[in-house]
Every structure is written in C-alpha cells, then in structure tokens.
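Enquirer: Okay, here's what each chain looks like letter by letter:
Protein chains: 2
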Amino acid sequence: MDRERNNIELDILITGGTLITMSEDMVIIEDPAVGIKDGKILFVEKREGQISEYRAKEILDASESIVMPGLINTHTHSPMVCFRGLADDLPLMEWLNDHIFPAELKYVNEDMVYNGSLLAIAEMILSGTTTFCDTYFYESSVAQAAVDSGMRAVPARGFMDSPTPGNPDPFRHTEIAGQFIERWADATPLISPALICHTPLTCSAETLRNIKNIARNSKLPFIIHLSETKDEVKIIEERYGLTPVSYLHSLGVLDDLTIAVHCVCLNGKDIDILADHGVKVSHNPESNMKLASGVAPIPKLLEKGVTVGLGTDGCASNNDLDMFMEMDTAAGIHKVAALDPTVMDAKTVLKMATSGGAKVLGLEDRIGSIEAGKCADIIILDMKKPHLTPLYNCYSQIVYSAEGHDVSTAIIDGKIVMKERHLLCMDIFDIMERVRKTADVISDSR
Amino acid sequence: MDRERNNIELDILITGGTLITMSEDMVIIEDPAVGIKDGKILFVEKREGQISEYRAKEILDASESIVMPGLINTHTHSPMVCFRGLADDLPLMEWLNDHIFPAELKYVNEDMVYNGSLLAIAEMILSGTTTFCDTYFYESSVAQAAVDSGMRAVPARGFMDSPTPGNPDPFRHTEIAGQFIERWADATPLISPALICHTPLTCSAETLRNIKNIARNSKLPFIIHLSETKDEVKIIEERYGLTPVSYLHSLGVLDDLTIAVHCVCLNGKDIDILADHGVKVSHNPESNMKLASGVAPIPKLLEKGVTVGLGTDGCASNNDLDMFMEMDTAAGIHKVAALDPTVMDAKTVLKMATSGGAKVLGLEDRIGSIEAGKCADIIILDMKKPHLTPLYNCYSQIVYSAEGHDVSTAIIDGKIVMKERHLLCMDIFDIMERVRKTADVISDSR
Numbered sequence: 007m008d009r010e011r012n013n014i015e016l017d018i019l020i021t022g023g024t025l026i027t028m029s030e031d032m033v034i035i036e037d038p039a040v041g042i043k044d045g046k047i048l049f050v051e052k053r054e055g056q057i058s059e060y061r062a063k064e065i066l067d068a069s070e071s072i073v074m075p076g077l078i079n080t081h082t083h084s085p086m087v088c089f090r091g092l093a094d095d096l097p098l099m100e101w102l103n104d105h106i107f108p109a110e111l112k113y114v115n116e117d118m119v120y121n122g123s124l125l126a127i128a129e130m131i132l133s134g135t136t137t138f139c140d141t142y143f144y145e146s147s148v149a150q151a152a153v154d155s156g157m158r159a160v161p162a163r164g165f166m167d168s169p170t171p172g173n174p175d176p177f178r179h180t181e182i183a184g185q186f187i188e189r190w191a192d193a194t195p196l197i198s199p200a201l202i203c204h205t206p207l208t209c210s211a212e213t214l215r216n217i218k219n220i221a222r223n224s225k226l227p228f229i230i231h232l233s234e235t236k237d238e239v240k241i242i243e244e245r246y247g248l249t250p251v252s253y254l255h256s257l258g259v260l261d262d263l264t265i266a267v268h269c270v271c272l273n274g275k276d277i278d279i280l281a282d283h284g285v286k287v288s289h290n291p292e293s294n295m296k297l298a299s300g301v302a303p304i305p306k307l308l309e310k311g312v313t314v315g316l317g318t319d320g321c322a323s324n325n326d327l328d329m330f331m332e333m334d335t336a337a338g339i340h341k342v343a344a345l346d347p348t349v350m351d352a353k354t355v356l357k358m359a360t361s362g363g364a365k366v367l368g369l370e371d372r373i374g375s376i377e378a379g380k381c382a383d384i385i386i387l388d389m390k391k392p393h394l395t396p397l398y399n400c401y402s403q404i405v406y407s408a409e410g411h412d413v414s415t416a417i418i419d420g421k422i423v424m425k426e427r428h429l430l431c432m433d434i435f436d437i438m439e440r441v442r443k444t445a446d447v448i449s450d451s452r
Numbered sequence: 007m008d009r010e011r012n013n014i015e016l017d018i019l020i021t022g023g024t025l026i027t028m029s030e031d032m033v034i035i036e037d038p039a040v041g042i043k044d045g046k047i048l049f050v051e052k053r054e055g056q057i058s059e060y061r062a063k064e065i066l067d068a069s070e071s072i073v074m075p076g077l078i079n080t081h082t083h084s085p086m087v088c089f090r091g092l093a094d095d096l097p098l099m100e101w102l103n104d105h106i107f108p109a110e111l112k113y114v115n116e117d118m119v120y121n122g123s124l125l126a127i128a129e130m131i132l133s134g135t136t137t138f139c140d141t142y143f144y145e146s147s148v149a150q151a152a153v154d155s156g157m158r159a160v161p162a163r164g165f166m167d168s169p170t171p172g173n174p175d176p177f178r179h180t181e182i183a184g185q186f187i188e189r190w191a192d193a194t195p196l197i198s199p200a201l202i203c204h205t206p207l208t209c210s211a212e213t214l215r216n217i218k219n220i221a222r223n224s225k226l227p228f229i230i231h232l233s234e235t236k237d238e239v240k241i242i243e244e245r246y247g248l249t250p251v252s253y254l255h256s257l258g259v260l261d262d263l264t265i266a267v268h269c270v271c272l273n274g275k276d277i278d279i280l281a282d283h284g285v286k287v288s289h290n291p292e293s294n295m296k297l298a299s300g301v302a303p304i305p306k307l308l309e310k311g312v313t314v315g316l317g318t319d320g321c322a323s324n325n326d327l328d329m330f331m332e333m334d335t336a337a338g339i340h341k342v343a344a345l346d347p348t349v350m351d352a353k354t355v356l357k358m359a360t361s362g363g364a365k366v367l368g369l370e371d372r373i374g375s376i377e378a379g380k381c382a383d384i385i386i387l388d389m390k391k392p393h394l395t396p397l398y399n400c401y402s403q404i405v406y407s408a409e410g411h412d413v414s415t416a417i418i419d420g421k422i423v424m425k426e427r428h429l430l431c432m433d434i435f436d437i438m439e440r441v442r443k444t445a446d447v448i449s450d451s452r
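Here the protein sequences line up with chains A and Y, keeping their order. For the first sequence, the positions run 7 to 452 when our numbering is used. For the second sequence, the positions run 7 to 452 when our numbering is used.
Check each hint, because a few of them may be wrong.
Copies of the same chain are indistinguishable here, so a pair counts whether it falls within one copy or spans any two.
Each computed EDC-like pair below joins lysine to aspartate or glutamate, with the alpha-carbon atoms no more than 20 Å apart [to be verified]:
1. Lys391 <-> Glu426
2. Lys390 <-> Glu426
3. Lys390 <-> Asp436
4. Lys443 <-> Asp117
5. Lys421 <-> Asp388
6. Lys391 <-> Asp433
7. Lys391 <-> Asp446
8. Lys236 <-> Glu100
Keep in mind the hints are simulated off the structure, nothing from the lab. Nothing here was measured: the structure is a model prediction, and the numbers come from that model.
Could you build the full structure based on these sequences and the hints that come with them?
Expert: Here is the structure:
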C-alpha cells in the first residue's frame, strides 16, 4: 500500500473476496482493496496490511463475494417495462400492429416514460447493470429518470419519418436533434446522449444521412436497428438492390461511432463492411430468440475484430432486463447454433457485457473495467449461495450460474445505489404502484 | 365454503393472491383458499368469507403472490453440483474424458454423493422445484438425501456395462436392481424408484432388455439417455444399422413406462415410434445448448402427442438447477429454431415443467397440479418485485420474467420446506461448507 495515499480519506473502500477487473490483461486479484473517491476509482491493489490502515467513509466487506465491473446494457427501450407480458407468443407483425403499436400510441406519455424508466432502472440495478443505452419516445424523460436515480445512461433520441408519440411532426429532425444534444451533452457525467434512426425501413436516405451527420459533428454515437429480420433484409433488397448493411454503407453512415443493433441476418460481405468501418454491434440474443428473428453471427463478427456488446432489448420482447440471464443465453445460443461448445466461452461473453459494451458505447475510457482512473461503476456478487457453490472458475460461475439477484451491492459513479439488495436511489414501492396504475388502465381498455 | 369441513383443523391454509392450478382445464382462481392436511390438498376453492372462518395450524398469506404447483425436474445428476464450473467451453469428448470422468473416478464416493445431493436439493427448493428425477453413482445416497430433506424424488439406479464408482462388477445388474427396488419401492411416499440404462452406446442389448424387464415387472420407469448427439446416432447406426430409437424399438424396450432423455437427434420415423409407444421425453434445452448437442424437435413431438417434461441435466452441463431459467430457455430456443414465435408458448412450457413432468414420471395422480386429493407440492411466488411488475398474464410472467429466487415459500408433501427464502429442511451453511471442502481437494489436485 502506498503510505502517502493513506492520508486521503476515501469515499468507499471495497475489500475482501475476489476482484474480476475485466482489464485488457484480465487481472484477477484475491483479497483486493479498491479505493473510491469523488466518483472515481483511485486505486486497485492486493490488500496489504490491516483494513484499519485505510481511511474511508464507508468500507464494504466483499468477503466470499466477487467484485466486478457493473454490467452494460447496450440496447433497451426501458419504458417498455410497462408492456411486460402484455402480448407474447404471437407472430411478429400481429404482436407489433395489433398490440404494441396501438398501446404505444394510446398510452405513451411523459409520465409513463418517466415512471417506466425508473422501474426499468430499478430492475437493472437490482440485476447488476450500471449503464444502459436506451431509446424510446420522450427520451429526455428516460434521461431524467437516470439522473434522478443516479444511473449511468446513453439515452438516444429516436428518429423516423412518421409521426410518433411526442413527435407529431417528423420533419423537424435537425431542430429536435440539436435541442436534445444541447440539453444533455454536458448536463451531467451520468448522461452521454446519442441519436438513433429507427430502421432503414422507417427512415429515408435523407433522414439517415442527416441524423448521422448531426451525430458525427457532435462526436456522438449514431445507432440503428439493423438487419434484425429476414423480412427487413428482403424489403431493403427489393427497394434498393442492396442488403441493409450495404445500403447504409452506400449512404456513408457506417463508421466507428455507429452502433448497429441486432445484426441477425448478415452475409459475409455485410460482416466485412461492419468490420472494415469499425461499426460496433449490440447483440440481443433473448429478444432475437423470443421474436424468432434468428441467431446473429456473433462468433464471425468477433473473429473479424468487430466490437460487440450485449443488450436485453425492451421488456416486451424479452421479458426482463437481467443481463446475467442474457449472458447465459448468449453463451448457449452460439454453442448450439454452431454445434461447437468452444465457439463462445464465458470470458468472451463477460467481455461483451462489460468492457465490450463500454467500447460499443464509446465509453471505454470511463467504464467497463475496474482500473484506477475509471469511474467507479462496480457491483458485488454474494457467492455464499447454494447455486454458486462450489467455485472453481469465476468466469464460468458469473456467466453460467449467477443470476441478477446475486448482486448484493451496486455502485455507480462512486455512489452506492443498492446495498444488500436495498435500492437507495428511489422509492421503488411507489414506482411499482405508479406503473401498476398505468397497467390497470391498459388492461381495462382491452 | 363447506361449513361441515370447517371443523377440520388444516395443517396449512394458503390464501390470497392468484392460484395457477395447472389442472387439465387450466383453472385460475383469484384470492383462493387451498387447504392442506396430512400431506394432501384437501380443497381448492375461491375464498369466501373471512380467513378466520378456516381452522388451520398455519396460514400462509399469498397476497400479491402466485400460488402454483412445485416444478418437476425430470432429469438431473444432482451430485454433479460438486463439479459446477470445473470445466466448461470444451469439446464434448475432451470435457468428458479429460475432466468429468477422471474427476468422477477419483472423487465420487457415498459422502460426496450425499452432500452434493443435499446441496442440489437446496438449490432446487430455493428455485421452486419440488420433485426431481435423478441418476448418478451411489443413487441410494441421493435418495437418502431426498428423504432427509423432505424432497420428492425419483432416484434411478444406473446401469452400464463397465465398472463405475460404487459398482466395480458390471455383471450383477439383476441383483443390484432388485436390491435397489426392494430398498426404495415402499420406503416412503417421497421416493419413487426407477432404473436407468446409461445409453445405447454403453449398454449391451442384453443389459437393455434385462433392466427394462426388471423395471416393467415392478411397474417402474425405465430411463435412458437417447439420441443426445449426432455422434451417438452415427455410432449406433454403424453398429446396428438402425437409429438409436429404432434400435431400442427393435429390442422391445420402448413403452409408456420408458423415459427417453434428450432426444435431440430424431428423424420423422423416430418421432412416430416414440409417439406410437407412448414413450415419455425429458427435454433438457440448456444442457443441449451448452454441450452444443442441438435442438430437440419438441414442437413436433408435442404435435404427435408425446408427453414431454423439462429437466436441467446435471450441473456440470448447465450450470445450475433453476427450472425457471430452463422454462425461459425452452420457449426461446424453439421459437428461434423454428423462426416462429408461436411454436412454443408460455402455457405449453409451464405444462412441461409441471403437469407434463408429472406424467413423464408416472406421478400424474399425485403431483403436477393443485387439485383436491393430490399431494401438496406447492410453491408461492412473490410478485412484489420490479422485474415482475406490471402483471398482465400470469403464464407469461412465470415463464419469461420470473426467476427461481422469486419463490418465497415451498411446500412438499404438505410440509413447508422453505419459508420466506429460509430453508427449513437442512443446515445449508454446513452443506455448502462440506461441498467446498470436497471442491478444495479437487482443485488442489489439478
């Protein structure tokens, strides 16, 4: 221990257990000491000497626990928790056109988005997610919910060429994008705004180029749902004679600040284009399974050097926001799709959910691993449980055996937002009650 | 309420919340009253009048909860929890030959099996399973662990034509099977013994016919791992010129007291044979994914009227025993394999995990649904949680959103084995410590 540093009073000291850093060299430290001050990780070391030699306002004992980076959900529509279980097991178009779209048109408003986001944030924190990338209507209300609960977020203002809730006039894109960026770009370290074009189907070439340009000029991520279904690919090919990826490439919107979500239906050339242009991919296996879209060729993308993060997608197509379950599913689906158990190992999956996710969102300098200088986004997993006993391999245990509820404590930006399973950042019973009331109205009208 | 019955003092009354009976007609009762006496369900009704009008030694308030049948795990190797995470992400043969088999030969003994089973039972109860079908070495120690913890079990004594731990002489099959049946057939209502031949690869035709005959004469389930991998099918076809299913059919061992586990690699004729002979199928999707075996054609089997139950398989190939996660995975994998979101809906999955599982094990008269006269194997799910809010559809919520830890209370054979997440049936910290010690020895020797 650096005796000099001993004079600094830490905000939080985490000590004990096993530290999974998820640094580039995948350092694991037994009985570590992690010092946190002013939102940042001040030091990460093997603890030497007594705990009493450290000065800290709060000491978290992580004995018999795993300390690891908070998980990063690279794609969700958080307010859709309000539609969790509203309609399932239906053909995609029936699900969308007869259930989800009508419910959205009728019930989505700023209050619903704000309350739904808070509920989603609660669920995410309780299952170990400390950053989420989101897009929905009234996205500023999502961002506000993140700010109010101390959650880190990449809220993406959405664009499409038809009226949407909160956006009756689809031809004010430039103005709206500008306002969103102005409001959130420097508002708080917790919020990193982004822009999203819904899909190549629902946005014109002009819209795609325009929004990408605005994002590019502000150095913000440009996001798009891309090649999610065979139908999408078919329609785009009919319209433009190109695959969705080739089409976007032809418009010049693919670069290393572009996040392509889903990427289920890719051919070899698509994969090369994404790799060559440094496009990041958000992989949402549970949603792709539940909506029967297909299995994204993630092992091939990784082989070509594409950066991939994990996402849950919205609750209506999952139906939860638990990244631990998403990790387990990601490992399993690629093994069985390739009939090869070596194709997606636990370490690779955990990287996608942490350091990979950070790179996807362009936040790798700040989050995704536990290293000195980074933001203190850290979770502690309680391993004293039957389903986590015995422990041979931390990576296996995290990906294949742990579940969201094993997260005992969560820290975001150096603040404890959940401690021993108690959310400290909101009145969750009040939020649940508010969302239940919205759901009652939806139920009664059906 | 039947006023006559009012004079009976119940052991347990469950009241409040929503009752999912899983009866043939899928009755759901809001604010039910379930009376339990002497291990049996005495009545199931909509509560009328005050709770004080019932007489019960213990009243369980299920307000804001779902009351449902305990889940039935139709296939596991419970002591393999001791190898959880020991080796993962490896080619099947390397995993088996270099890791699992050597570890089993070296470390499996009666104590390991007993302690491992208790740990597995703890994990199962904590995640809502109230009956498990098991096979491993020293199976009587598994059965004893079930008896000692009040768990319902179908322990299957295993046979193969080579020496195994606890069974150095593989040619005393008849004698050993007889002893196992004698010991367990009438020992306790919690235990229903069965016999299992390991695979068509590891058992001769003589062994298969012999064990099936013994099981048939005693009216016990005969179990076999069947058509799990392409390699198995290939080898059996080379040996006998028949698929594994056709081969077993030719031996006359397939009937409605046969449980075929896995059934991943089936052709159309195989499916017809299984259907025509009333063979039951145990579906283990997470294991089939993790070992990259393939996707069992469950929708086709169900279409042909085959009874299917769910199973987790052993912990070394899963790596947990959580049937809620197994349900979610089962729904997802078939949707994406068929590219059809309607092919495996939540109700169908929940049936596989409850009433279907009971039929697979031949226990449908006793368990699998909440109906008067059946054994009281019941779980209560606490729905007052962010990830279970709001609630539109109970079946969707159970299959797609609930997780094992949402089970607050579990009752087996009319006894409360877990209450408010506290296991009442064993000293779990002692068990975890014992298994950790075994794991330390295994780790140190590697």
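Enquirer: So which of the earlier hints does this model not fit?
Expert: As far as the earlier hints go, not one is violated by this structure.
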